[in-house]
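Enquirer: Fit chains E, G and H to the given chain X structure using the hints.
4 protein chains.
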Amino acid sequence: MNETVQTAVIGVTGYAGAELARLLLHHPHLQSKPPVFAGRVDARDAERGGVPLGEIHPELANSHGSGKLVQQPFSWELLEDLGVEVLFMATPHEQSRQWAPEALKRGIKVIDLSGAWRLNEAENRAVYGFEDEGSAIAVTTQAEAVYGMPELFRKQIATARLIANPGCYATSVILPLKPLASAGLLDLERGIVADSKSGVSGAGKAATAKTHYMYAADNLSAYGVFGHRHTGELLEQIGLEREQIVFTPHLLPIPRGILSTIYVHFKTPQTKANVMHVYREFFAGSPMVRLYDNALPQIQYSVRTGYCDIGVQLDAGGKRAVIVSCLDNLLKGAASQAVQNLNVVEGWSEAEGLE
Amino acid sequence: MNETVQTAVIGVTGYAGAELARLLLHHPHLQSKPPVFAGRVDARDAERGGVPLGEIHPELANSHGSGKLVQQPFSWELLEDLGVEVLFMATPHEQSRQWAPEALKRGIKVIDLSGAWRLNEAENRAVYGFEDEGSAIAVTTQAEAVYGMPELFRKQIATARLIANPGCYATSVILPLKPLASAGLLDLERGIVADSKSGVSGAGKAATAKTHYMYAADNLSAYGVFGHRHTGELLEQIGLEREQIVFTPHLLPIPRGILSTIYVHFKTPQTKANVMHVYREFFAGSPMVRLYDNALPQIQYSVRTGYCDIGVQLDAGGKRAVIVSCLDNLLKGAASQAVQNLNVVEGWSEAEGLE
Amino acid sequence: MNETVQTAVIGVTGYAGAELARLLLHHPHLQSKPPVFAGRVDARDAERGGVPLGEIHPELANSHGSGKLVQQPFSWELLEDLGVEVLFMATPHEQSRQWAPEALKRGIKVIDLSGAWRLNEAENRAVYGFEDEGSAIAVTTQAEAVYGMPELFRKQIATARLIANPGCYATSVILPLKPLASAGLLDLERGIVADSKSGVSGAGKAATAKTHYMYAADNLSAYGVFGHRHTGELLEQIGLEREQIVFTPHLLPIPRGILSTIYVHFKTPQTKANVMHVYREFFAGSPMVRLYDNALPQIQYSVRTGYCDIGVQLDAGGKRAVIVSCLDNLLKGAASQAVQNLNVVEGWSEAEGLE
Amino acid sequence: MNETVQTAVIGVTGYAGAELARLLLHHPHLQSKPPVFAGRVDARDAERGGVPLGEIHPELANSHGSGKLVQQPFSWELLEDLGVEVLFMATPHEQSRQWAPEALKRGIKVIDLSGAWRLNEAENRAVYGFEDEGSAIAVTTQAEAVYGMPELFRKQIATARLIANPGCYATSVILPLKPLASAGLLDLERGIVADSKSGVSGAGKAATAKTHYMYAADNLSAYGVFGHRHTGELLEQIGLEREQIVFTPHLLPIPRGILSTIYVHFKTPQTKANVMHVYREFFAGSPMVRLYDNALPQIQYSVRTGYCDIGVQLDAGGKRAVIVSCLDNLLKGAASQAVQNLNVVEGWSEAEGLE
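Chains as they are written, first to last, in my numbering: chain X, 1 to 355; chain E, 1 to 355; chain G, 1 to 355; chain H, 1 to 355.
Certain hints may be false.
If chains are identical, the list can't say which one is meant, so a pair holds when it fits in one copy or spans any two.
Using 30 Å as the maximum straight-line C-alpha spacing, the simulated DSS-like pairs for lysine-lysine come out as follows [claimed, not checked]:
no.	residue 1	residue 2
1	267	178
2	272	178
3	272	210
4	319	267
I should point out that these hints are in silico values taken from the structure, not numbers from a laboratory.
Next comes chain X alone, as it looks inside the complex (with noise of 0.2 Å):
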């Protein structure tokens, strides 16, 4: 366990990369070894130095000593130089599947919050259209990568030198399902549904169509169905068969959140005491889930927070199971999953600066 490791950003300028940003800036560990903010500037933002985060996003002006939050031009010579050990990489995929690689060569382990690097089989990559799909770097690359969920996989995450942190929406199926598919529990052949709704920032930056206040406004809208990106997550890390789960998200009117209402049927009759009791086995010494006894999680409750939440509900003869997990899409479906990760990576308490 080191004291401290010297991080590095790319792509603080989305609303992922923001919470980051204020993620690591507070953590206990980095207090002496403050992150270091790298991405695309402008000749003219270089001249200065760089681009203050002030001016990216004003929430973080003025709240820390000015000097250290800057964004500055991105080169491998000043990763180097400074002596980044750990990299996050809030980009976009495209620019993950070049630059991870790179940065592994160089010695650098990798955080990435991309979609570049969590699925491992080319079938469920399909729906990325990879450029560089087969080629052998990215054969070799994809063969180190872990799953960046903690609670699945922190034994491997520990030692890992590319960590691909997990989709939102997957996050927020995959946590609910995993203990009870592990414990044989679901009748897979009735199959699962996982109902899901998500906040605007899940949408990203960019101004578009969709992300026009008057299309989200007061509105409800169905997207992505039978063919989202996360869909190959819930496969591979659950264990699923295509046929065996329907993923729809939707458009919720809020800034952020993610709420999952998932359907399952279950082999032999069970109650509700006993559901928890496979939850609290398979989360024992996680700190990031709560598990919801006496109601379900609604999105208020996580907003804000690293915590995914959990909540079931079964119907009469115990056969069947509606289960509600919440979590703050920029947080436990990003940010804060990331930083969840340099802990377990850096042997630190896993909940460090998260609460």
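Expert: For chains E, G and H alone, kept in the frame of chain X given last:
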């Protein structure tokens, strides 16, 4: 077919009541016989001849001749004196249980917007805990109630004396499922999931912890899991056993609108063309259902209209489908469906006054 | 008075254009001569005879006979062939500067919803930076433009060929101030403050950083301080010097509606009865203004109506007043005021088609 | 300076109370002496030793060691037994009027978040209708109350026994105006306008017609015109006559945050540099005020922070200015300002526990 008819509304103070008032006041066939508004009125209000609707619903103030826009103290004599032939009851179900039989006895037809007379099976009614359950008058009254969904029971509604206007959630689930169930396409063994989301007006006008802005805004919550009152309507009207469907309502942070995401398995592989053909046949002659061929409906398209919008997407194998339906909970889910029923009863065009 | 008239709309793709389409399609006098929708249409769209409005505004789909709901490629020949007599331009002001003179030359009356022809003073127009400023044609055209606020210029509008439909903010400030200014009540030396708040539809349909849901939602921001384009309309129509009023617009996290809070000093102490009397006199015969005697208007009362609502409260001494006005920025602030102008031009009832 | 201090909170069930609990639980100086939560607890609740905070505020559940997160039945003995030295009262003002003197008598310092002790002038207090107005104990108590705005009264707060934490609106108006008034820049004859807009949490946790989602959402309304209770704070703290300012609050459809748009006239023309210099001098050493040089603050920048943000824009002549201030009504408008006062009292860094 009558040119016009004398109508009355009890319960104009709620959200659905306000929409009903608005629709009836603009109804082409009611211009010469504007509706009577009757209800609970204090002694002081009674003295001045009733409560101006503009005080109850400021948005209706000044919009029409103000003389007729008064809620008068309710009495059976009033209705008789004014020659009321059709009575809309936008009242709590306990009140509808008491008053609907009385109105029928007096020869007044009833269109009841509550849950009082929707359910034929005692088992399904149990959730309401009606005090008069099993009484002779309740049995007789229920026997002649017709479920007021014109797309299913147009013929029976035309001659009915008591019309039980459907629940808002129920409408959004029955309309998209009934055609497929009737056509025998559905594999009911594998179960149906109806994941519904409704705006806050569905929770009524009472100020409660759950209708507080701070509870509903920026939030999403599931409720009534495995126990919502509208479930019985789904079972009876679609023709399902209780274990063949799960219905989960959610409270959406918007004023109005329902979106239901419905998951079905087909007995044999279908094409989208197939399914749309079944819908088109079923809804031929149903002006208040809109089918979406090339997209899925969204809440914003149906809000403030009398339509139920339906769209569907199949998976690659044609064995599973996600159906999305949308409607305005206060209109097709309440007030405009009531007016649709009036139109059918009077032999007018079904969409009269609804565009 | 003509029984009907052939109208056309250019620019039906925006928010105000959609409202205009909806109003004209339901206008009692236009049932026999539905409006023509013309505009920019791609070659491919042109081939199929235009773009169905249901593709541009899904909420208009299926609601009407679909045959007439097509946006056709614009050409002057088209307008001539169809005998268009009144042209609504819901276009950017640059386009209105070019096309309005052309329409007038061809004997077509114009109701222009842009800021192109609203301002008489070159100084006030400067903020628009019109390219043709000062040209002969611009001078001539401006000279015959009438400011399209029927409550102020009913008589001039009736015979006008070019009507400059007022700005949304301007309408919400001029209507409550003009009666008091005309009556000589206001102490202009002490200055007027107009603090206005508008929903996001006022910012237009373009997806920009400021119309992104994440920027507008859960937020409030002031903009255009001391420099908003509508200021000139206030000066010219109320009759003020620039230093006599401050007008500050704010972006409100709601889809539509404007509320203006206006602060005035009176020359001599007034009573509320006094002030309401002045309003009542001024707005006698103005069906689209509603006065509030016992309360202040709120945005929710005027949204989706064609009204401008006005209420006022005086301080104890009667020397100061806070006036609150509300309207729907897309209706009384744009489309319904345009229809009101059409009604005046054609000699129809001013509120025709607006309730 | 003490290393730590024993604090207690009465009234942890409201919105401000929850924020206060959260801040105190994370306060670096209180880690060894966590705050005591006391309040109204039913007999049944008392039996089990109090109400777990996780039941009152589910978002606080599980986030901390649950043992300490219990609201206990209030009694003076409890406070004495636990050695409470500083008592936060997040209670209705009637209760604060009664209990604050009692606490002082027992040697406990009070930081009161209500309006009970903010006003020195009987005339300004009249709006509260205190039952004990004019009583000896009330007079004595008021005499030693210090207005708890550290930016104005840091020195007095340090030695105060009773601190009257300012109103949320008042804070947003006093902080931007006081420096300019103190510097003698303002032309008070021409009057000041403070047009304030607040999120719904400002209306409290009680479910009322005005906090109903359907009332607040998609709406904006002015209230308390010429009569809001915070007016007295403005007069006393800025040093104004009643006729020199108009203050109008509005209910904004967002959960939290206040934006005040303030209109002033200067006695002599100013430059922006001038004005910013005055601000910078005044707020030197005030870590919880952020000045905006190049833009205006927005609600989203200050929500969930302890800052009051201030920006200003002058007209061309330099005689008039629009000042915009933003803060979180539950933090700088209540809980974090209370913690700021604690920090001053204890001699800790003023921003301790607030970033």
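Enquirer: For each hint, tell me whether it holds in the structure or not.
Expert: Against the structure, the hints come out as follows:
no.: 1; hint: 267 to 178; result: both (15 Å within a copy, 29 Å between copies)
no.: 2; hint: 272 to 178; result: within (17 Å within a copy, 33 Å between copies)
no.: 3; hint: 272 to 210; result: between (40 Å within a copy, 26 Å between copies)
no.: 4; hint: 319 to 267; result: both (7 Å within a copy, 22 Å between copies)
Checked against the numbered hints above, the structure breaks none of them.
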